[in-house]
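Visitor: Each protein sequence line maps, in turn, to chains D and S. Each number in our numbering corresponds to the 1-based position in the first sequence with 169 added. Each number in our numbering corresponds to the 1-based position in the second sequence with 29 added.
By construction, these hints were calculated from the structure, which means they are not laboratory data. Each residue gets a CB set at the ideal place from its N, CA and C atoms; glycine is no exception. You may find that some hints are simply not true.
Across the chosen pairs, the derived CB separations fall in these ranges [unchecked claim]: (1) S:N88 / D:V182: 29 to 37 Å; (2) D:E224 / S:Q85: 28 to 36 Å; (3) D:E224 / S:D59: 30 to 38 Å; (4) S:Q47 / D:T189: 43 to 51 Å; (5) S:H96 / D:D186: 43 to 51 Å; (6) S:R44 / D:K237: 47 to 55 Å; (7) S:Q46 / D:G228: 29 to 37 Å; (8) D:T271 / S:R44: 36 to 44 Å; (9) D:N198 / S:A67: 47 to 55 Å.
No more than 30 Å apart at the CA atoms, straight line, and that leaves these computed lysine-lysine pairs for BS3-like [to be verified]: (10) D:K210 / S:K42; (11) D:K226 / D:K236; (12) D:K206 / D:K236; (13) S:K42 / D:K209; (14) D:K225 / D:K206; (15) D:K226 / D:K237.
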Amino acid sequence: EDKVVQSPLSLVVHEGDTVTLNCSYEVTNFRSLLWYKQEKKAPTFLFMLTSSGIEKKSGRLSSILDKKELFSILNITATQTGDSAVYLCAVEGGNEKLTFGTGTRLTIIP
Amino acid sequence: DAGVTQSPTHLIKTRGQQVTLRCSPKSGHDTVSWYQQALGQGPQFIFQYYEEEERQRGNFPDRFSGHQFPNYSSELNVNALLLGDSALYLCASSLTGGSGYGYTFGSGTRLTVV
């Protein structure tokens, strides 16, 4: 059975800090690892990673995948209050379904 | 470009009742997956529909059933509601054979069972 574990479960930091969110996984026939941001309801797509060692960047957010050690990290630099959300990590296996972790709840204090 | 549309947005039901949730996929998508997200948890896969058939199913009891129509829209039915069924139900559409970029989520239906 596919499994995703995220850590920490919650994180409270001050605006301007840098945070690192962790995601480890076990999956049959790995296709991709995805990061989502969930503020209220619909998860919104951040990154998809398929290859090891290649960093994806979008503004202050970046992510990297290690397929040998089966984990990924999501970094957010110079955090802002608008970054407060739940960050979800999911893996897509060969059966084209997503398995999610519990999520990391990030709270940014002004 | 219409994304994924779910209805209703909120619903309150009594234990033992039955409920039907609806999902219209993004234009061009042919596959619909349903997820249950309990408070403080990540989304859990319920089942997936493709070509009007249930293609795969997660670890949910038979009280959870679904349907996909020829226009690719889908329904999730839950019978004999339990308090533990209270959750946010998310629908995600995708194109079979596509990449992970292609999952689009709806805003969900918040179901409360009292």
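Visitor: Each hint needs a verdict: does it hold in this structure or not?
Guide: Against the structure, the hints:
A hinted range of 29 to 37 Å holds for the C-beta pair N88 (chain S) and V182 (chain D), which are about 35 Å apart. Checked against the hint of 28 to 36 Å, the C-beta distance between E224 (chain D) and Q85 (chain S) comes to roughly 32 Å, which is consistent with it. Judged by the Cβ atoms, the range 30 to 38 Å given for E224 (chain D) and D59 (chain S) holds: they are separated by roughly 33 Å. Taking the beta carbon of each, Q47 (chain S) and T189 (chain D) are about 45 Å apart, inside 43 to 51 Å as hinted.
Distance hint check: the CB atoms of H96 (chain S) and D186 (chain D) are about 47 Å apart, consistent with the given range 43 to 51 Å. Hint check: R44 (chain S) to K237 (chain D), Cβ distance near 48 Å, so the stated range 47 to 55 Å holds. At about 46 Å, the CB distance of Q46 (chain S) to G228 (chain D) disagrees with the hint of 29 to 37 Å. A hinted range of 36 to 44 Å is violated for the C-beta pair T271 (chain D) and R44 (chain S), which are about 27 Å apart.
For the pair N198 (chain D) and A67 (chain S), the supplied restraint of 47 to 55 Å is violated, since their beta-carbon distance comes to about 28 Å. About 20 Å separates the Cα atoms of K210 (chain D) and K42 (chain S), which keeps this hinted pair within 30 Å; it holds. For the suggested pair K226 (chain D) and K236 (chain D), the alpha carbons sit about 18 Å apart, so the restraint of at most 30 Å is met. For the hint pairing K206 (chain D) with K236 (chain D), the CA-to-CA distance comes to about 22 Å; that is within 30 Å, so the pair holds.
For the hint linking K42 (chain S) to K209 (chain D), the alpha-carbon distance of about 22 Å falls within 30 Å, and the restraint holds. Of the pairs offered as hints, the one joining K225 (chain D) and K206 (chain D) holds, with about 15 Å between alpha carbons and a cut-off of 30 Å not exceeded. With a C-alpha separation of about 21 Å, the suggested pairing of K226 (chain D) with K237 (chain D) holds against the 30 Å cut-off.
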